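*Asks:* Protein chains in written order, with our numbering: chain A, 7 to 438; chain B, -17 to 245.
No lab work stands behind these hints, which were simulated from the structure alone.
A hint or two may mislead.
With the Cβ distance kept under 10 Å, some of the chain A side facing chain B (calculated, not the full set) [claimed, not checked]:
| # | residue |
| --- | --- |
| 1 | R21 |
| 2 | P47 |
| 3 | R58 |
| 4 | I73 |
| 5 | L127 |
| 6 | D131 |
| 7 | R140 |
| 8 | V143 |
| 9 | E144 |
| 10 | H256 |
| 11 | H259 |
Predicted, not measured: the structure shown is a model, and the values here were computed from it.
Just so it is clear, CB atoms sit at the ideal spot from N, CA and C, and this is done for glycine as well.
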Amino acid sequence: MTGTTRTIKVDTLARVEGEGSLYIKLVGERVTDVKLKIYEPPRMFEAFLRDRHFSEAADITARICGICPIAYQMSAVHAIERALGLRIDPAVRLLRRLFYCGEWIESHTLHVYMLHAPDFLGYADVIEMARDHREVVEKALRLKKTGNRIVQILGGREIHPISAAVGGFHRVPTKQQLRELVPDLEWALAAASEAVQWTSSLEFPIFEQDYELVALRHPDEYPFNEGRLVSNHGLNIDAAEYEDHFQELHVKHSNALHSIMRGRGSYLVGPLARFNLNYDKLPAIAQEAAAKVGLQPPVKNPFRSIIVRAVELVFACAEALRVIREYEPPAAARVEAPNRAGSGQAITEAPRGILYHRYALDENGLILSAKIIPPTSQNQRRIEDDLREYASHLVAWPLDEATWKCEQAIRNYDPCISCATHFLKLQIDRDA
Amino acid sequence: MSSEKKKGRPRIAVFKFASCDGCQLSLLDAEDELLAVVGAVEIAYFPEATRTMLKGPYDIGLVEGSVITHGDAERIQEVRRKCKTLITIGACATAGGIQALRNWKDVDEFIRVVYASPQYISTLKMSTPIAEHVPVDFELRGCPINKYQLVELISATLAGRKPNIPTYSVCIECKRKANVCIAVARGIACLGPVTQAGCGALCPSYDRGCYGCYGPMETPNTASLTEQFRILGESNEQIQRAFRGFNAWAWQFREASEECQRK
């Protein structure tokens, strides 16, 4: 059937980290073209990491993203520790989980309340939202601050913290310093449970997709830094095998590379994937919060990822409290990391999904080559696939409302274009 | 952040060039001050936070990021024309950022390393700070910036007074915190003596040497520090890497690193 051709266009995608645009072409009810264009200028970290010392990688790669620097630091140090054959102290391992809890709380709160919720409620931004929902926004700011406080105590500052090191940390906190966080975290745990209730009361478009979900899975815990990479379609690999199973494609309309699973196409990483694949590893309190609002795996509606993020907030607050209770400072802040040739890979769970790093080092500890695959480049193809499907439901909608809905569908993924390069513009083309 | 007209309130716009978004995020990270700040001004353009994008002119433009594409080199001219006061925030905007490491290398080779189809990529050979393109009214340093300095700078600009942002070195902050000098006591190479204050002497407080996030202080003696690093046993390559960090293209650090190359 032929019909009118319409174009949905967004020149500058808002409330995402970085610069991008969207272009969708509809002929009748059929979507004929979807391009999520990333025009974030290419900064080329993998090139200038060469000839830098491995001890600099955590600080340099943190600068890929101001929203999730800890993810970069964690993937970098774990990959390099693997290259050097280092074993870290169990107390350091715990502290790294706590570090990640802080980043998840900060980043998820930012996304749930400040970037995503305004779409559901019809506000342009959180400030407009604050006029009608002041109490909700004030609580969100306090919750976000609690996450930032964890990062500050462990890493000195919220953005580009300075304490992560190969082998451990430059300095570790005392028990007392961590205990000071407990009252705020107890408040935050209750606030996060409220967030699950609040987000579940939003209105969700009816839209389900059959995703291949990819996340880490660990035998004992909800994943941060360790585990095998698994999917709901049978993938089960070690980080070292990642590049055998995934491929990066360079498409003309994007400065970010698209990742696909070899022979299988797009896949989804992030909260929805983690929740569906690791529900059994969530602490009881997070499972209960989810059950109370009827959220059970499999969740296939990407718009409901906002509730999943709230459930992960409950998890992160509970996990932070557990770590603080169990923490005994390690004998040394870090183990020695002597120069040695080798190569290593690591995958960790950034707030937006898996982040892969690979390094090859020479005998002086200098980086010979580096490979970094951020979560947003892995979700990019999946976002376009969602839009291809979703835009066809919007044919009858006025252009401005359809455009806003498409933007919201992109924000389901909390895309970080700074990571994937950096800027997003949305264009929906529909010629009359 | 609203489409409503707020007459009389100063209009603020936030622009992004090549960067990590961390410096503009500092504004959203000022959790205790955020609602007060946005109550005092009109956020007219800030894509990271709002869908509402109002046209200029703006009273204050905050610019994050460096210029690395032809399009951005043109866009910054337009941004300057629209802003009464133009403030650059962070090491990318004030010194070219970590991506300025390309300035000493062959950028085409860089593109081939990262991208499979180099013909799709268009970028400049150099990463340059905003002030190399247009006049800038104030440069706020840091990688990332200090959010309290940002709030101070916005307040001072609105009040028409000089901002209270020190240009002395990190050493002063260490002394104020009563830190034992890690360079003197433990022989750790530290850029503190030549780096501008602002972070609160974070790295020395966490048992490591300063790595220069805030760029050169007002009158840095880089030659003397280079000599001191040699006495501590640092190689030429190590010293060069130390100066070639997040503020590598700031001229004082640039000269210091090129001096190492000549030796």
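*Asks:* Enumerate the violated hints, using their earlier numbering and listing them in ascending order.
*Replies:* Failing hint: just 5.
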